[in-house]
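**Q** Starting from two chains that each stand alone, build the complex the way the hints lay out.
In case you want the letters, here they are:
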Amino acid sequence: MIEIFQQAINGLAIGAVYTLIALGLTVVFGILGIAHFAHGSVAMFGGYLTFTFAERFGLPFFVAMGLAMVVGAVVGLLIERLAYRPVRDAPHINAFIIALGLTMMIEGINLLIFGADQVVIQTPYRGVFNVFGIAIAELRVLVILTACVLIAVIALLISRTKTGKSIRAVAQNRQAAVLMGVNVSMVSLVVFSISSALGVSAGALIGALLAIAPGVGEGLAVKGFAVLILGGLGSIPGAIVGGLILGVSEAMAAGFISSAYKDVIAFLVMIVVLLFRPEGLLGKR
Amino acid sequence: MNPKIVRMTWIAALLVGALALPSVVKVPYFMHLIILALVWVILAQGQNLIQGFVGYVSIAQAGFMGIGAYFSTLLTVKLGWSVWMTLCLSPLFTALVSVLVGYPSLRVKGHYFAIVTLAYNMVIFTILLTFSSLTGGEAGISNVPRPAEFSVFGWLFNFEGRSNAPYYWLVLLSAFFATGLCASILHSRVGRVLVAIRQNEVLADAVGVSTWRYKLFAFVVSAGLAGLAGSLYAHYIGFLNPEPFGVDQSLNAILAVILGGSGTLTGPVVGAFAVTFLPEYLRIADSYRLVTYGFILVVATIFLPRGLVPVAQSLFLRVKSMIAGKK
Chain A
1 MIEIFQQAIN GLAIGAVYTL IALGLTVVFG ILGIAHFAHG SVAMFGGYLT FTFAERFGLP
61 FFVAMGLAMV VGAVVGLLIE RLAYRPVRDA PHINAFIIAL GLTMMIEGIN LLIFGADQVV
121 IQTPYRGVFN VFGIAIAELR VLVILTACVL IAVIALLISR TKTGKSIRAV AQNRQAAVLM
181 GVNVSMVSLV VFSISSALGV SAGALIGALL AIAPGVGEGL AVKGFAVLIL GGLGSIPGAI
241 VGGLILGVSE AMAAGFISSA YKDVIAFLVM IVVLLFRPEG LLGKR
Chain B
1 MNPKIVRMTW IAALLVGALA LPSVVKVPYF MHLIILALVW VILAQGQNLI QGFVGYVSIA
61 QAGFMGIGAY FSTLLTVKLG WSVWMTLCLS PLFTALVSVL VGYPSLRVKG HYFAIVTLAY
121 NMVIFTILLT FSSLTGGEAG ISNVPRPAEF SVFGWLFNFE GRSNAPYYWL VLLSAFFATG
181 LCASILHSRV GRVLVAIRQN EVLADAVGVS TWRYKLFAFV VSAGLAGLAG SLYAHYIGFL
241 NPEPFGVDQS LNAILAVILG GSGTLTGPVV GAFAVTFLPE YLRIADSYRL VTYGFILVVA
301 TIFLPRGLVP VAQSLFLRVK SMIAGKK
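Just so you know, the protein sequences line up as chains A and B, in that order.
As numbered in this note's numbering, the first sequence has no gaps in its residue numbers, which increase by one up to the final residue, 285.
As numbered in this note's numbering, the second sequence has no gaps in its residue numbers, which increase by one up to the final residue, 327.
Rather than coming from a laboratory, the hints here were simulated on the basis of the structure.
Predicted model, so just to flag it, every value in this text is computed and none were measured.
Watch out, some of these pointers could steer you wrong.
To be verified - Interface residues of chain B toward chain A, partial, derived using beta-carbon atoms under 7 Å:
1) GLY17
2) LEU19
3) ALA20
4) ARG107
5) HIS111
6) ILE115
7) LEU118
8) GLY180
9) LEU290
10) VAL291
11) LEU297
12) VAL298
13) THR301
14) ILE302
As the list claims (entries may be wrong) - Cβ-Cβ distance ranges computed for the label pairs, FRET-style:
15) GLU243(B) / ARG88(A): 34 to 40 Å
16) ARG85(A) / VAL209(B): 34 to 40 Å
17) LEU275(A) / SER133(B): 26 to 32 Å
18) SER159(A) / VAL319(B): 54 to 60 Å
All C-beta atoms, glycine included, are put in the ideal place defined by N, C-alpha and C.
In isolation and in its complexed conformation, chain B is listed as follows (with noise of 0.2 Å):
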């Protein structure tokens, strides 16, 4: 059978189980850390482009994150927009912002780009924080609401209800769109630049290729994502403060990544349900939090410098070549 064809029936039997999850998982405690895990493959996944595929470490993904999810939730509070428009317009607005602030710190390369970014972080933090006429500051934004009701053959979607499960299926599906947008990156001639580049910039230079459009494109759309990703956790949460926006949460960004294998697809969500689901377990040892964090990533790092899944990948070719060669 065509290769293809089986990848695509997996896939689309994967996405069938997913939807029909909300039938299965009845805790509605778990529903809420698997959306939320959701959100974060979005985040993920953008993140990775950058970070896995060009191999630029940016440390600005939740600070675009909150734009996303300020530009969102105000427009909807202030203006009255509504929730599905301002869903759609999120994204290409915080990539509106990373082109802007993209361009001068792509001159640099290696640790600064990602100091810069960094700073951009500390920057759209400090400014979420002290323009209180308009983000309302540390108390945050309350009652940011749902998106409206709609229905299909019949089927009412009432994201305002007792269930999350017409939330879970946006978000899951947004999560779906970002993995299928990278995907198709990634197997496109700009993926196979990005790529290049992560393993040699010089040379892709030399070569003729302007490293520096490709390098903002994926900086752009890993920015986009974020918005997204933001613009879905303020409507969902329904209350927006500053504080999941600090570069703590880029650094769990990163640690989603590396966790979950940088540079391949299903690694950021490996990580993303990771980074969501292991805090709720360490909660015993909440003080000693931070410093499990760390030591994690630092032993990730040492010990499995390609994340989960291409061990997992590999352990699984190996088994499987030890039972082809018994029989």
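With the rest of the complex left out, here is chain A (with noise of 0.2 Å):
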């Protein structure tokens, strides 16, 4: 029973960072329609980073976890400007593909900038508290506050301010934005960075707790999408109820079935979502 509680405050811990690259994803999706799959590319870019800062510079690990999310933004700001304006009005597909050419671009730019040797992030956070007999890393509580912070400022940001006023008419109908005045390439230049600075947050954070590697990228962004698919595609709740789904359900198929199958099993809990519930646990019909 014990072992029950164990593995699903782990499957927090990790579905707090899964809940951080959908909500990435969604907001991109949601109000630009683009399968942004360099996202979780762009997550390791920031892991690499925070892990510079804090080594070579020694710097804390949330200044340098801060460090890295503006530099991510300036990123996703590149990114909206070069590449995926230009097909802004092609067919859906087109930047779909332009999101698999960035994402071998930002894999092969770690690979020269911060070579192939797996890297773990170090924190001075190794205190573990004692509930009830469940061992919980000090670590991995900071982990999900963390993501609960971020979440937080982002769900206020986008309903109480004026920035998120707009960024929300664009979601529901672009051409009436356009018309009453909503600036489009602003909108999606803010969303890009916003996006990209929550990516490199939860890059930052899969480097503490667990390790950043190259390929490890490609990885975070199909969990993100299966996060989205889970939870319904554009919504905020629904990112955070998939991402603690996905993590708790990986957490225990790692403890109960096979750690070298555990990815196998999240894939499978979202194809059976799909199969009975295309539109996603909070998705509307």
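**A** Structure representation (structure tokens):
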């Protein structure tokens, strides 16, 4: 019994990271209709960058992560302006192929800059709490808290600010938003920088929690999309619920079945959801 | 003259010329690359069927190739079946698997279909890598046999000899078969429905076409061709491990289709040769290979969204009309 709770706690921390990834994907998809597959690679880039800031310059983990998020936001601006904007009016499939090309490029750039070694970001948060016989690592609690804070910030940004209002307007009806004087290009840039910054934070947390290595990014992007499919497309609560379900089911699978097949099981969950509820758990029919 | 006869003559001449290639190309390395490129033609034709005709990007092509390759290899190595038999069976087996996985994934559209197929590719890759009691895991399976020799009219076709020519002919004929199959699908009623789905799926649905059947058909044929390519690849290389069947290779198949010209019949052929030969010439920049590849893909999609073949075609027509105009 304790084992189940133990795995659930472990799964929640990973699930929080998946939620962050999915949140970045869901804002880009829901608002601009782009399946930004390179998101996972951007996240890995952020993880490596955080590692570099933390190790080379000796910055504390969260400061390093914050700096990396700023760089990530700039990378997001560049990606939108240089790669996605030229195909804005082309069929959606073109944007997706651009995303695949970007994935290869960013993976390649990661390899060139940071090398092919597996990297773990060292943090000072090594404590373990003991609650009713369940061991809870301090780092995992911090990861969950960080994710909560970031999600809250994004939710407030979208629901309370003027920029958030124009973002929602574009998501609802692009043409009408243009007619009302919303600067769609600006919204697009803002959305990409927010999304990339979120991705970077997820990469940094993954780096502290597990490890970052070449090729992890693609897996993360697929997990992110799996979360979207689970939770419902373009829905922020869906991303949260989907992320936690995926993380916990993965941890359970790793703990009780086989860790080698945990990814397979995560995808099976996704396929079952597709079969019975193609619009996602919290999606609109 | 009847244009159909002209076209048939051209195709026959092309086939004869291609069959005679081994007596012209004497460098074994080039022969090797050409054989690989032809395997890629089969793979790319399959990819084009679902991506170019139907407009659904599937990212599972390399995974299906892996299923075909391992199916064929395991039957010949572990059970001692004839390679000829497994070459015929592996596309069928791969097609069967693709029916099972295609049905749920075709319930979603567009990007989400792509992501789901990508997940399949990752599942297939993980299984090939971790189920090592059967697949040999990362170390792989060596000594995959070549097809048995046979003789027709006193001509001996020995596939295990020093010359790769007989195997080249086998792969060439398979590539012709794949292209011919796609051509006959495209020109049939089914092909027109597939293109209609690409152009407007809602409309196709509304006029009473049960689109999911056609989509599933295209997906299954596409996977079957990938299975054939995998089987041909495994028995040619003689060594099999999961590495060539990862997501990267599926992306490569997409690149081949985009670069050549998606939705055309010659596009995948040009694209397949491009993705086989380009890396060989980009070898100097091996560490920059991924970046270069991605860059080509992005730039090609922005500036050349229709691919090389349609652009070359329209250039050719323009030059032709210019010459005609001068006369």
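**Q** Determine for every hint whether it applies to the structure shown.
**A** Quick rundown of the hints versus the structure:
1. Because the closest C-beta pair between GLY17(B) and chain A is about 33 Å apart, greater than 7 Å, the hint is violated.
2. Because the closest C-beta pair between LEU19(B) and chain A is about 35 Å apart, greater than 7 Å, the hint is violated.
3. Because the smallest distance between the Cβ of ALA20(B) and any Cβ of chain A comes to about 37 Å, over 7 Å, the interface hint for this residue is violated.
4. With a least beta-carbon distance of about 5 Å to chain A, the hint placing ARG107(B) at the interface is held under the 7 Å criterion.
5. The beta carbon of HIS111(B) comes within 3 Å of a beta carbon in chain A, closer than 7 Å, and the hint placing it at the interface holds.
6. Taken as an interface hint, ILE115(B) checks out: its beta carbon lies about 4 Å from the nearest beta carbon of chain A, inside 7 Å.
7. For LEU118(B), the interface hint holds, since its Cβ comes within 7 Å of a Cβ in chain A; the closest pair sits about 6 Å apart.
8. At a threshold of 7 Å, the smallest CB-CB gap from GLY180(B) to chain A is about 26 Å, leaving the interface hint violated.
9. Taking 7 Å as the C-beta contact cut-off toward chain A, the hint placing LEU290(B) at the interface holds, the least distance being around 3 Å.
10. This hint holds: VAL291(B) has a C-beta 4 Å from the nearest C-beta of chain A, less than the 7 Å allowed.
11. For the restraint placing LEU297(B) at the interface with chain A, the shortest Cβ-Cβ distance is roughly 3 Å, inside the 7 Å limit, so the hint holds.
12. A hinted interface residue such as VAL298(B) counts as satisfied when its beta carbon comes closer than 7 Å to some beta carbon of chain A; here the least separation is about 4 Å, so the hint holds.
13. Hint on THR301(B) holds. Least Cβ distance to chain A is approximately 5 Å, under the 7 Å limit.
14. Interface hint at ILE302(B): satisfied, since its Cβ lies 5 Å from the closest Cβ of chain A, which is below the 7 Å cut-off.
15. Separated by about 37 Å at the C-beta atoms, GLU243(B) and ARG88(A) satisfy the suggested range of 34 to 40 Å.
16. Distance hint for ARG85(A) and VAL209(B): a CB-CB separation of about 35 Å, consistent with the stated range 34 to 40 Å.
17. With their beta carbons about 30 Å apart, LEU275(A) and SER133(B) fall inside the hinted range of 26 to 32 Å.
18. Taken as a hint, the range 54 to 60 Å holds for the pair SER159(A) and VAL319(B), whose Cβ atoms sit roughly 59 Å apart.
Hints 1, 2, 3, 8, counting from the list given before, are not met by this structure.
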